[in-house]
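Using the sequences provided together with the hints, build the complete structure.
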Amino acid sequence: MPYTLILFVSRKPNLSLLEFKHHWENVHIPLLKTLVGMDFPLSHTRHYIEREADIGHAWGNEGVRDNAQTNVNDHGQSPGIFGTGFGAGCGFDALAVLTFMDKLHWERFWEKVQREGAQSALRRDEEEWLERKSVGGVFVGDSKSTGRDGGLSGGGSLGAFRVVRELGVEIW
Numbered sequence: 184m185p186y187t188l189i190l191f192v193s194r195k196p197n198l199s200l201l202e203f204k205h206h207w208e209n210v211h212i213p214l215l216k217t218l219v220g221m222d223f224p225l226s227h228t229r230h231y232i233e234r235e236a237d238i239g240h241a242w243g244n245e246g247v248r249d250n251a252q253t254n255v256n257d258h259g260q261s262p263g264i265f266g267t268g269f270g271a272g273c274g275f276d277a278l279a280v281l282t283f284m285d286k287l288h289w290e291r292f293w294e295k296v297q298r299e300g301a302q303s304a305l306r307r308d309e310e311e312w313l314e315r316k317s318v319g320g321v322f323v324g325d326s327k328s329t330g331r332d333g334g335l336s337g338g339g340s341l342g343a344f345r346v347v348r349e350l351g352v353e354i355w
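What the sequence shown shows, in this note's numbering, is residues 184 to 355, in sequence order.
Treat the hints as calculated values from the structure; they're not laboratory data.
Zero decoy hints are in this set.
Heads up, simulated DSBU-like pairs for lysine-lysine below, C-alpha to C-alpha not over 30 Å straight-line: (1) Lys286 with Lys316; (2) Lys216 with Lys316; (3) Lys327 with Lys204; (4) Lys204 with Lys216; (5) Lys216 with Lys286; (6) Lys216 with Lys327; (7) Lys295 with Lys216; (8) Lys286 with Lys204; (9) Lys204 with Lys295; (10) Lys216 with Lys195; (11) Lys204 with Lys316; (12) Lys316 with Lys295; (13) Lys295 with Lys195; (14) Lys327 with Lys286; (15) Lys195 with Lys316.
Computed spacing ranges between beta-carbons, pair by pair: (16) Lys195 with Val321: 20 to 30 Å; (17) Ser199 with Lys286: 33 to 43 Å; (18) Arg331 with Val210: 32 to 42 Å.
Beta carbons are placed, not taken as given, at the ideal position from N, Cα and C, and that holds for glycine.
This is the structure we're talking about:
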């Protein structure tokens, strides 16, 4: 069964959202891939919080735009665009969804990340762009995904990986 970690991440206060994205995409991810090799997650998807000041109002709430200049977070950014339930915003700039084949895959990944050389390289990199004290994460259990026309269920597209693995076919 797929094993999924969702991380909530904030940038250093001195970085713009564009600089934060650039570093994560072009420095951190290549470094992580180099350090863990084939134990990199099946997918590592990053979702960046849309900021009202950048794209205009959403959800038909004109008041959000009116408050964009006075209601800013610690990074000087306007609140994110939220449908319901977050009030004035949230305390993170992005979330990442890391999907592993199973818990053993996660454990191999984590063991490589924790090696002395890898850990020090990642710490040095994270000092450049990541607000470590604000990072949070949660492992999720069973996941379902539905596409517009019904889509896949029981783990989404990872179901295909499960079938291939159960048939004994090498996928790497």
